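Asker: Chains as they are written, first to last, in our numbering: chain A, 1 to 289; chain B, 290 to 718.
Since the hints were made in silico from the structure, they are not lab data. Heads up, some of the hints might be wrong.
[Stated by the list, open to error] Dumping the calculated BS3-like pairs for lysine-lysine here, alpha-carbon to alpha-carbon at most 27 Å: (1) K715(B) / K35(A); (2) K474(B) / K529(B); (3) K342(B) / K408(B); (4) K416(B) / K512(B); (5) K575(B) / K134(A); (6) K428(B) / K324(B); (7) K611(B) / K408(B); (8) K579(B) / K655(B); (9) K655(B) / K416(B); (10) K134(A) / K468(B); (11) K529(B) / K452(B); (12) K364(B) / K35(A); (13) K474(B) / K134(A); (14) K428(B) / K416(B); (15) K428(B) / K611(B); (16) K452(B) / K659(B); (17) K119(A) / K529(B); (18) K452(B) / K579(B); (19) K119(A) / K575(B); (20) K575(B) / K468(B); (21) K342(B) / K655(B); (22) K428(B) / K35(A); (23) K35(A) / K512(B); (24) K474(B) / K119(A); (25) K221(A) / K364(B); (26) K364(B) / K324(B); (27) K575(B) / K474(B); (28) K119(A) / K221(A); (29) K452(B) / K474(B); (30) K715(B) / K428(B); (31) K408(B) / K344(B); (32) K655(B) / K575(B); (33) K324(B) / K342(B); (34) K512(B) / K428(B); (35) K134(A) / K529(B); (36) K221(A) / K35(A).
[Unchecked claim] Far from chain B, some chain A residues (derived; all Cβ distances over 12 Å): (37) P24; (38) H91; (39) V108; (40) E180.
As the structure is a prediction and not an experimental result, all values here were calculated from the model. The C-beta atom is built at its ideal place from N, Cα and C for all residues, glycine as well.
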Amino acid sequence: MSQRVPRWLAAPAIAGVALLLVYPTIYLVALALTKSSLAKPLNHFTGLDNFSGAFASPAFTPSLWKSTIFAVVVAVVTTLLGLAIAVLLRHRGGGFGVVGALFLLPLVTAPVLVGVAWKLLLAPVGGGFANLFKAIGLEGFNPLGSGVGAFVVLLVIHVWQWTPFATLIAFAALGVVRPELLESARIDGATPWRTFTTVTWPAIAPSIWVVVVLELVIGYKVFDVLVVITAGGPGFSTSLSPFVIYQTGLRGSFDMGTAAAQTLVFGVVVGAVATVVTALRARAVKADA
Amino acid sequence: MAFAPALAACGSEGSTTALSTTAPTGGRFDDVTLKLLVNQPHVTSFRDVLAPKWKDATGGILEVTAAPYDQLTSKQILDVQSGTGEFDVFDYFYFGLGDLVEAGALTDLTGWIDANGDKIGTSGYLKSIYDPYTLLDGKRYGLPYDGDVHILFYNAELFDRYKVAPPTTWDEYDDVAAKITTDAKGSAYGAIVSGQQVPMILGCSYINRLTGYGGNLLDANGKPELTSDASVAALNHLVKVSPAALPTPLQIGFDQANTAFLSGQGAMLDTWTDMALRAEDPTASKIAGKWGALSLPVGGANTTPRTALDAGFGLGISTATKNQDAASAFIAWATAAPQNLVVSSTPGAGIDPARGEVLDSDGYAKVVTKAIGPIREGLNGNPLVWPKTAGAPQLLQGLVDQIALAVNGTQTVQQSLENSQNQWDKALA
Chain A
1 MSQRVPRWLA APAIAGVALL LVYPTIYLVA LALTKSSLAK PLNHFTGLDN
51 FSGAFASPAF TPSLWKSTIF AVVVAVVTTL LGLAIAVLLR HRGGGFGVVG
101 ALFLLPLVTA PVLVGVAWKL LLAPVGGGFA NLFKAIGLEG FNPLGSGVGA
151 FVVLLVIHVW QWTPFATLIA FAALGVVRPE LLESARIDGA TPWRTFTTVT
201 WPAIAPSIWV VVVLELVIGY KVFDVLVVIT AGGPGFSTSL SPFVIYQTGL
251 RGSFDMGTAA AQTLVFGVVV GAVATVVTAL RARAVKADA
Chain B
290 MAFAPALAAC GSEGSTTALS TTAPTGGRFD DVTLKLLVNQ PHVTSFRDVL
340 APKWKDATGG ILEVTAAPYD QLTSKQILDV QSGTGEFDVF DYFYFGLGDL
390 VEAGALTDLT GWIDANGDKI GTSGYLKSIY DPYTLLDGKR YGLPYDGDVH
440 ILFYNAELFD RYKVAPPTTW DEYDDVAAKI TTDAKGSAYG AIVSGQQVPM
490 ILGCSYINRL TGYGGNLLDA NGKPELTSDA SVAALNHLVK VSPAALPTPL
540 QIGFDQANTA FLSGQGAMLD TWTDMALRAE DPTASKIAGK WGALSLPVGG
590 ANTTPRTALD AGFGLGISTA TKNQDAASAF IAWATAAPQN LVVSSTPGAG
640 IDPARGEVLD SDGYAKVVTK AIGPIREGLN GNPLVWPKTA GAPQLLQGLV
690 DQIALAVNGT QTVQQSLENS QNQWDKALA
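Bound conformation, chain B alone:
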């Protein structure tokens, strides 16, 4: 106890620096190397698509380092906190924004964006994602890069074979899943439920159902409402659909889910919209031309489809950067409409539109083909926003831990949601 004051004195506060309003939004950066720490599934978009274009446009060089999605935020914090300061630009999860800002890892861009809104084209960012991805406590820390929402993909060939229609409600979804799984006798499964116990996977599956049943994670006052009727219905659905799903939901991550859908083993998958590009790519898909897409189903009393901002990324500038000018110019350039269109239209790049002009463009509609309707409906709508305050990733992990216990049958749906509610109540009090 005696050394408490000494320990307290050792504490290091995260500090946030603000970008100058005169920092560039473009220019030449010959032979300047910008180091990017990015989400692993985005590597293609930066390394193969943007890097050559950036070199042509500015003479600058992009050096891309990938981090697994579940380590991205911690690596970004560590880079700054450890004093290494290796990276200039962070491709960050929006629900990690609070932790990054608390750690002093992201540069405050508020003044720069306000002063250069026209040059950056801020009015073009999708309203549904601009504030959620970049705004925290009245300050902006990034520009939106990847507008991630989920829609429901289905295998039209399996639907035809087993004579079922695309579902618009979660009840219909259950019926379709059960019929295909039963009739296919192990050769295919009616549903693919991604249930790996991390927020990015099981969290998405639960929240997709939560929005479908008309629920929210937080109410208008920021209070958790995890024991609402919609929440109970959503988790009940996850539990009950498991027997008809590709075995075993709690073990299904991105790779297993995508592989099963693209190989024709699974009939329905709620996932990110860039699946449209993968599904249509004959080198990676056995179902090219034989799939369809819908908005996420609805359930209970809710009749209006609504998606959620499942994941989603912005580009921010590390407070440790030594190339601030090139970094500011890069994030403005990378999130501009031409670049957003090309990365959103590249199979395997893992990027979805962050701008209205891209979402509404014929070029984008042409590559995502049948998915364009639900994608536009989702991103132009009012998607559910995940919490992003400091500590949000921990809250979300706690939630998916409890959800997994219910899915696994270890505890009841009600108990899982009450435990989550208690945890969130304490943390957000």
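Pulled out of the complex, with its shape left as it was, chain A reads as follows:
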């Protein structure tokens, strides 16, 4: 016997979605279609002018590419490193332990503190690495002094900070692999690599692909560390999209209309890339099943 669930029970959920998703989205679209500043939101309708303005910015279009490269690279590298560390921790036996907890330290440190610490380490005069560079014959070397160097530094710092997240999930995922299957593979003479690819990977693949998607999204959102360490420079070398949008909306003349247009475009780009990765995940998981 089935019981009808009163429709009004859905009201809180509908209200929540309306308040937290629908209204902000409509407001964002409205900002993007109007001349809007911090002082005068929704001033007057301007059609697609803000989108033209967004792409006219010398920093914005390149930032979409840079953000995508940044997010894809960190997603791949953090996932691979995290998985490797998790496998080593599992191989060691026992739980996550003190070593595992130490691995988590970068993850639980406030991003601004991470930025300040690295900025001090990388200071070209008196910085923690300055003497190290001098000792190996690279006196005066400043990795933040060039565009490529600064971008790579941000990548390294982000990977350092977010690999523990991948490690944590991969470690948990490895816990679901049945020991008797691993034992059988070993008795059958399978190499460790073959055991990993044929026994372990199919079991953990769904979780690891989730890590890839999450790391991708986290990579797209990088902001705090960037602001502290490079502030988008030198030039626009490390001006990733969130930083450019922040500058458009909350610096200068507080052009919220153009910032909203940039946000929508950025959202489309992130959505497109995330859709591709999610499709790859579905295909890979299906193939492994």
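Chain A is already provided as a structure; the job is to place chain B on it using the hints.
Answerer: Leaving out everything else, chain B in the frame of chain A:
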């Protein structure tokens, strides 16, 4: 498209209120709390210097909130626009004046100042800063508080050690910088070039050179002239001096620049005049008694030193204040000569003279010692004024973005300046 009219109707216009001509310029304000939103480097001047004096003088209480310099204007606008209205008095950047007025965040003080000019002592404000800091489209929105200009500081000990003379031209500056950096072999650098990519830092470094080469940001008709010969020379100088400067200019902000100069790591720094107080303070400086100061160098065909109003602050009254009487009395009192002298003479307060009687006083000359000559020359001269119309901060950010691309070698000097010129042409058309 269909909802365009509805959206347009949602627009909120900034409104400006005018202060009554009868609002006080003094009086007792026992236990009245005035809330101030101020530039972070000015906290000491308000909290430690003025607050106790205000309490003694009027019985009133000052509650000081600091905002980082790069968020000051936005926080002031947001305070009013959001309806929070927490603050009574704003310590504002003069080049943010247009945005603040457009947002309806500042009270129109024109009538009040005109009616009370003698009591306020408006004739004492430095002519070089009074109008630039407070006047917009014929109306006054504040009183000048911090007369910010740059001069060139140098480390006399390093100059003696490497046998170089203080430079009066940018070419000489280059020679000095190169010699010290080369000879010091990493123990010191000939120049400190502040190049962090914000108008307050990289903008100042470029504009200091622009004035030196005899250029302007805008011509007499308000048209941008960013591709002038002087502008090209100024940016070329910034690009070419980088190898001899403390690494790496685009990463050098206030903290790095001041620390390097005060610790003796850098030989020359063009910066605000209050550096004189810091340099002479032995608790904060390793170069006390071993520094000198000059007017900014000149270059090209220009032989007359000229500084620029780099930053600079006024005190205005928030349109959201609920303590308008106390606020008007406070800004008149805080910008009066005795208070201006004491904050200008306090190390770490970050304030420079806004009044002629302070600039010309023996008391001020005594604390800034060797810097008094170039400070007086700068503030009594005809300093370059930055744009301050609505949208000016965005224009300045666009300019420093392009300058940074040239300094970083990503694009040519000419291309950077042409891009800036195009941007400014469109915005100011």
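Asker: Give a verdict on every hint.
Answerer: Hint check:
1. K715(B) / K35(A): Given pair K715(B), K35(A) holds - Cα atoms ~16 Å apart, limit 27 Å.
2. K474(B) / K529(B): Holds - the C-alpha atoms of K529(B) and K474(B) are around 19 Å apart, at most 27 Å.
3. K342(B) / K408(B): holds (19 Å)
4. K416(B) / K512(B): holds (24 Å)
5. K575(B) / K134(A): holds (25 Å)
6. K428(B) / K324(B): holds (24 Å)
7. K611(B) / K408(B): holds (23 Å)
8. K579(B) / K655(B): Within the cut-off at roughly 16 Å; holds.
9. K655(B) / K416(B): Answer holds: K655(B) to K416(B) is near 23 Å, not above 27 Å.
10. K134(A) / K468(B): holds (22 Å)
11. K529(B) / K452(B): Since the Cα atoms of K529(B) and K452(B) sit roughly 22 Å apart, the hinted pair holds (cutoff 27 Å).
12. K364(B) / K35(A): holds (20 Å)
13. K474(B) / K134(A): holds (12 Å)
14. K428(B) / K416(B): Given pair K428(B), K416(B) holds - Cα atoms ~16 Å apart, limit 27 Å.
15. K428(B) / K611(B): holds (22 Å)
16. K452(B) / K659(B): holds (20 Å)
17. K119(A) / K529(B): Within the cut-off at roughly 26 Å; holds.
18. K452(B) / K579(B): holds (15 Å)
19. K119(A) / K575(B): With a Cα-Cα distance of about 24 Å, the restraint between K119(A) and K575(B) holds, given a limit of 27 Å.
20. K575(B) / K468(B): The hint holds at about 22 Å.
21. K342(B) / K655(B): holds (22 Å)
22. K428(B) / K35(A): Judged against 27 Å, a Cα distance of about 26 Å means the pair holds.
23. K35(A) / K512(B): Holds, at roughly 24 Å.
24. K474(B) / K119(A): holds (24 Å)
25. K221(A) / K364(B): holds (24 Å)
26. K364(B) / K324(B): holds (14 Å)
27. K575(B) / K474(B): Holds - the C-alpha atoms of K474(B) and K575(B) are around 20 Å apart, at most 27 Å.
28. K119(A) / K221(A): holds (20 Å)
29. K452(B) / K474(B): At roughly 15 Å apart (the allowed maximum being 27 Å), K474(B) and K452(B) satisfy the hint.
30. K715(B) / K428(B): Roughly 26 Å between the alpha carbons, so the hint for K715(B) and K428(B) holds.
31. K408(B) / K344(B): holds (20 Å)
32. K655(B) / K575(B): Judged against 27 Å, a Cα distance of about 20 Å means the pair holds.
33. K324(B) / K342(B): Since the Cα atoms of K324(B) and K342(B) sit roughly 16 Å apart, the hinted pair holds (cutoff 27 Å).
34. K512(B) / K428(B): holds (22 Å)
35. K134(A) / K529(B): Distance ~25 Å between K134(A) and K529(B) Cα, so the pair holds.
36. K221(A) / K35(A): holds (26 Å)
37. P24: Per Cβ check, P24(A) is outside 12 Å of chain B; nearest 16 Å; holds.
38. H91: holds (42 Å)
39. V108: holds (26 Å)
40. E180: E180(A) clear of chain B: closest Cβ-Cβ about 57 Å, beyond 12 Å.
No hint from the list above goes unmet by this structure.
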